[in-house]
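Asks: Here are the chains, one letter per residue:
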Amino acid sequence: MPASKTTSPKTVLELHVNNHPGVMSHVCGLFSRRAYNVEGIACLPEGGGETSRIWLLVEDSNRLNQMVTQVTKLQDVHRVNRHPGNHQVFGQLRDIMTS
Amino acid sequence: MKRMTGAEATIRLLERQGIHIIPGIPGGTNLPLYDALSHSEQIRHVLARHEQGAGFMAQGMARTSGTPQVFMATSGPGATNTLTALADAKLDSVPIICITGQVPTSMIGSDAFQEVDIYGMSIPATKHNFLVRSAEELLTVIPEAFRIAASDRPGPVLIDIPKDVQTAMLEFEQWPEPGKPNPLPPFSWDDIEKAAKMINAAQRPFLYIGGGVVQSGASELARALAEKTSIPVATTLMGLGALPSDHPLCLGMLGMHAAPCTNLLLEESDLLIALGVRFDDRATGKADQFCPGAQILHVDIDPGELDKIKTPLLGITADAKQVLESLLPMVEKRPRRQWSERVSRLRHSHPLDLPRADDIMAPYGIIQAVSKLMEDDDIITTDVGQHQMRTAQAYPFRRPGRWLTSGGLGTMGFGLPAAIGASLAEPERTVVCFSGDGSLMMNIQELATAAEHRTNVKIVLTNNNALGLVQQQQELFYGNRLFASDYKHSPDFAAIARGFGLPAVDLDGHPDPEGELKRIFSEQGPCLIHLPVNASDGVYPMVPPGAANREMIGGAEHACI
Ligand SMILES: Cc1ncc(C[n+]2csc(CCOP(=O)(O)OP(=O)(O)O)c2C)c(N)n1
Numbered sequence: 056m057p058a059s060k061t062t063s064p065k066t067v068l069e070l071h072v073n074n075h076p077g078v079m080s081h082v083c084g085l086f087s088r089r090a091y092n093v094e095g096i097a098c099l100p101e102g103g104g105e106t107s108r109i110w111l112l113v114e115d116s117n118r119l120n121q122m123v124t125q126v127t128k129l130q131d132v133h134r135v136n137r138h139p140g141n142h143q144v145f146g147q148l149r150d151i152m153t154s
Numbered sequence: 222m223k224r225m226t227g228a229e230a231t232i233r234l235l236e237r238q239g240i241h242i243i244p245g246i247p248g249g250t251n252l253p254l255y256d257a258l259s260h261s262e263q264i265r266h267v268l269a270r271h272e273q274g275a276g277f278m279a280q281g282m283a284r285t286s287g288t289p290q291v292f293m294a295t296s297g298p299g300a301t302n303t304l305t306a307l308a309d310a311k312l313d314s315v316p317i318i319c320i321t322g323q324v325p326t327s328m329i330g331s332d333a334f335q336e337v338d339i340y341g342m343s344i345p346a347t348k349h350n351f352l353v354r355s356a357e358e359l360l361t362v363i364p365e366a367f368r369i370a371a372s373d374r375p376g377p378v379l380i381d382i383p384k385d386v387q388t389a390m391l392e393f394e395q396w397p398e399p400g401k402p403n404p405l406p407p408f409s410w411d412d413i414e415k416a417a418k419m420i421n422a423a424q425r426p427f428l429y430i431g432g433g434v435v436q437s438g439a440s441e442l443a444r445a446l447a448e449k450t451s452i453p454v455a456t457t458l459m460g461l462g463a464l465p466s467d468h469p470l471c472l473g474m475l476g477m478h479a480a481p482c483t484n485l486l487l488e489e490s491d492l493l494i495a496l497g498v499r500f501d502d503r504a505t506g507k508a509d510q511f512c513p514g515a516q517i518l519h520v521d522i523d524p525g526e527l528d529k530i531k532t533p534l535l536g537i538t539a540d541a542k543q544v545l546e547s548l549l550p551m552v553e554k555r556p557r558r559q560w561s562e563r564v565s566r567l568r569h570s571h572p573l574d575l576p577r578a579d580d581i582m583a584p585y586g587i588i589q590a591v592s593k594l595m596e597d598d599d600i601i602t603t604d605v606g607q608h609q610m611r612t613a614q615a616y617p618f619r620r621p622g623r624w625l626t627s628g629g630l631g632t633m634g635f636g637l638p639a640a641i642g643a644s645l646a647e648p649e650r651t652v653v654c655f656s657g658d659g660s661l662m663m664n665i666q667e668l669a670t671a672a673e674h675r676t677n678v679k680i681v682l683t684n685n686n687a688l689g690l691v692q693q694q695q696e697l698f699y700g701n702r703l704f705a706s707d708y709k710h711s712p713d714f715a716a717i718a719r720g721f722g723l724p725a726v727d728l729d730g731h732p733d734p735e736g737e738l739k740r741i742f743s744e745q746g747p748c749l750i751h752l753p754v755n756a757s758d759g760v761y762p763m764v765p766p767g768a769a770n771r772e773m774i775g776g777a778e779h780a781c782i
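One line per chain: the protein sequences are A and B, in this order. Count along the first sequence from 1, then add 55; that gives the number in our numbering. Count along the second sequence from 1, then add 221; that gives the number in our numbering.
Just so you know, not all the hints are guaranteed correct.
Using 16 Å as the maximum straight-line C-alpha spacing, the simulated EDC-like pairs for lysine to aspartate or glutamate come out as follows [claimed, not checked]: (1) A:Lys-65 - A:Asp-115; (2) B:Lys-415 - B:Glu-553; (3) B:Lys-531 - B:Asp-501; (4) A:Lys-128 - B:Asp-523; (5) B:Lys-531 - B:Asp-579; (6) A:Lys-128 - B:Glu-488.
Label pairs and their in silico Cβ distance ranges [said to hold, decoys possible]: (7) B:Glu-546 - A:Arg-89: 25 to 35 Å; (8) B:Met-222 - A:Glu-69: 37 to 47 Å; (9) A:Asn-136 - B:His-569: 26 to 36 Å.
Think of the hints as simulated: they come from the structure by calculation, not from any bench. Virtual Cβ for every residue (Gly too), placed ideally from N, Cα, C.
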C-alpha cells in the first residue's frame with residue numbers, strides 16, 4: 056500500500072453493500088474506469104453475511120464528490136459514509152504491515 | 222403450487238413483463254431457454270445473424286417504445302458479441318436486457334468450452350448485471366432487471382443464467398409482481414422558485430436540451446417553456462426532435478457540427494438552462510470555454526451528471542417533465558425583444574449552409590428528398606459518419622422519439638439492426654436508415670433478417686467508397702494524408718442486397734430518381750437505395766475535437782458579428 060507516496064489529504068469511504076461475489080468488482084471497476092486511485096481496501100461481511108462493509112482509502116481531490124455520487128448509484132451499494140483519512144481501519148492495517 | 226424449470230419460469234416472467242418480441246441467437250448454453258421460448262404464445266423470436274445485431278434490434282424497439290426490451294445470446298462468443306450493443310445502450314441510456322446462457326454452475330471457473338466471464342466483462346458496459354446462482358433467484362432477478370433498466374436514468378442490464386439453473390426445477394406459490402420503474406425522485410419547491418427567478422432575471426437565456434427531455438416525455442413542456450419566455454433552444458444530437466426543426470425558436474444542434482449562429486449565440490448567453498443533458502464534449506467543445514458568460518441551471522435525473530463537467534449555479538436532480546410542469550406557471554411571459562432580435566440577426570448572418578440541398582443526387586439533397594416522403598411519426602435511424610451528421614443537420618425532425626442514432630458511443634453498424642427493431646415494434650411505420658458504406662458493412666448480415674421479416678426498412682446508402690468522416694479528419698488535421706480510410710475495392714451493394722433477398726435500386730444514372738424514390742416509399746417491405754457520393758464532400762462547419770465551439774472550420778467564424 057503506497058500510502059506515503061503522496062502527501063495529499065486522504066479520505067476513507069465506508070460503503071455498506073450487498074455481500075455477493077460481484078460487488079467488489081463493481082466497486083473497484085468503477086474507481087478504475089473513472090481513473091480515480093484507490094490506495095487501500097478493506098472488506099468484511101457483517102450481520103448474517105447478507106451485507107458487508109468496504110472501506111476505501113482514497114485521495115481527497117475535487118472529484119471526490121462525483122465519485123461518491125457515482126458509487127452511491129451502484130445497485131449493490133446501500134450507503135456511503137465519509138471519514139477522515141486517519142480512520143483506524145487503515146491505521147491498524149498499516150501496523151500489521153510494518154510489524 | 223407452481224412447478225416448472227428455471228427456463229420456463231424465465232419465459233413466463235418475460236411474458237408477464239409484457240415482452241412480445243425477442244431477437245437473439247441460440248447456442249449450447251441457452252437451449253433450455255430457447256426450448257421454453259418455443260412454447261410461448263405471446264413472444265415471437267427474431268433470429269438475428271449476429272448477437273450485436275440482436276442487441277441493436279432490442280435497442281430499436283426500446284428507443285421507439287421507451288420500455289425495456291430483451292435480447293438473448295449464448296455463452297462465450299455469443300455473450301462477448303453483445304458487449305458493443307450494451308455499451309452503446311449505456312451511453313445513450315437505453316433500457317435493454319440481455320439474457321445470456323452460461324456454462325453450468327459446477328463448471329464456472331474451469332475454462333470450460335465457451336465459458337467467458339461475461340459478468341465481469343459487462344460491469345462497465347451495463348447499468349447493472351446479475352449472475353443467477355439458483356432457479357429461485359430468477360423470481361427476484363428478472364423483475365429487478367426490468368425495474369433497474371427502466372428506473373431513473375434508464376440503461377442496459379445483463380442477466381447471465383447458467384445452464385443448470387435453466388434446467389433446475391422450481392416450486393413456488395405465487396408469481397412476483399412485474400418489475401416497474403421507481404417512483405420519480407422528489408425535488409424541492411425552493412429549487413423551482415430559484416430556477417424561475419434565474420430565468421425571469423436572465424437577459425440572454427438559452428435552453429440546452431437533450432435525450433433526457435425526449436425520454437421523460439417533456440418535449441411539449443420544453444417547447445411551452447421556450448414559447449412563453451421567448452428563449453431560443455439548442456438541442457444535443459440525442460435531443461433532436463424534441464422541438465420541430467422549423468419551430469421559430471429552434472436553433473438545431475449545438476457543438477461540433479452545429480449551425481454557426483447556434484454556437485455563437487450560446488457564447489453570448491447569460492443563462493444556460495440545461496435539461497436532460499450531460500455536457501458531452503461533442504456538444505460543448507472545450508468545456509471550460511463553453512458559454513463563458515452564462516450561469517448554469519442544470520436539471521437531470523442522474524445526480525452524477527450535475528457538477529460532472531460544469532458546476533451549475535443550481536442543479537436539480539429530478540425528472541425533466543416534472544420540473545417543467547412546476548416551473549412553467551412560475552416563469553414570466555416575456556418577449557425579450559433585444560435578445561430575440563440578436564438571435565434572428567445571427568440566424569440570418571450565420572445560418573447553416575447545406576450545399577445542394579435541393580439536388581436529390583447530392584448528400585444533403587437525398588436526405589431532404591427522403592424526408593418529404595416520410596410522415597411525422599415515421600422513424601429515422603442512422604449509422605455513424607458523415608451521413609449521420611448530415612442527417613442530424615438536414616432532416617426536418619418533427620416529433621420526439623422518432624430519431625434513433627448512436628450518440629454517445631458512435632457505433633458504426635447501429636443503423637440497420639436498430640431500424641429492423643424499430644420496424645418490428647411499429648410495423649405500420651416506414652423506417653428509413655441513412656447509412657454509409659463503411660457502416661453498413663459492419664452489420665450487413667442483418668439484411669437477411671430484414672428480408673426474412675419483411676420489415677418496412679428503407680436503407681439509404683450514400684456510398685463514397687471510403688470512411689468519409691475519418692478522411693475528413695485526415696484532411697483537416699493530418700495534413701491531408703489520407704491513409705487506411707478509402708477502400709480499394711468497391712462491392713456491388715445492390716447485388717449484395719438482392720443476394721440477401723431485398724429489392725435494390727441504384728439512383729446513379731437513373732432517368733427519374735424522384736419518381737423512383739416515391740415508388741419505393743409507397744411500397745411495403747425493405748429496400749436498399751444506393752447513391753454514390755464524393756468522400757471529399759465534407760460535413761461543415763466542424764469544431765476540431767478539443768477546440769472551443771467558436772472555432773468552427775468552414776463556418777463563418779471570421780465574419781464580424
Ligand atoms: C465500430 C466503429 N469503428 C470505427 C469507428 C470510427 N469511425 C467513425 S466514422 C467512420 C467512418 C464511417 O464511414 P461510413 O460509414 O462509410 O460513413 P461516411 O462517413 O462515409 O458517411 C469511422 C471508421 C466507429 N465510429 N465505429
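Asks: Each of the hints needs a verdict: does it hold here or not?
Replies: Results of checking the hints against the structure:
Annotation: proposed proximity of Lys-65 of chain A to Asp-115 of chain A holds, straight-line Cα distance about 5 Å (limit 16 Å). A distance of roughly 13 Å separates the Cα atoms of Lys-415 of chain B and Glu-553 of chain B; the hinted pair therefore holds under the 16 Å criterion. A threshold of 16 Å between alpha carbons decides the hint, and for Lys-531 of chain B with Asp-501 of chain B the separation of about 10 Å falls inside it, so the pair holds. Taking the CA atoms of Lys-128 of chain A and Asp-523 of chain B, the gap is about 9 Å. The hint holds against a cut of 16 Å.
Our distance criterion of 16 Å between C-alpha atoms is broken by Lys-531 of chain B and Asp-579 of chain B, whose separation comes to about 40 Å. As the CA atoms of Lys-128 of chain A and Glu-488 of chain B are separated by approximately 33 Å, the hinted pair breaks the 16 Å bound. Between Glu-546 of chain B and Arg-89 of chain A, the C-beta spacing of about 34 Å keeps the proposed range 25 to 35 Å intact. Taking 37 to 47 Å as the suggested C-beta distance range, the pair Met-222 of chain B and Glu-69 of chain A conforms, at roughly 43 Å.
Checked against the hint of 26 to 36 Å, the pair Asn-136 of chain A and His-569 of chain B fails, with Cβ atoms roughly 57 Å apart.
In terms of the numbered hints stated before, the structure departs from hints 5, 6 and 9, listed from lowest to highest.
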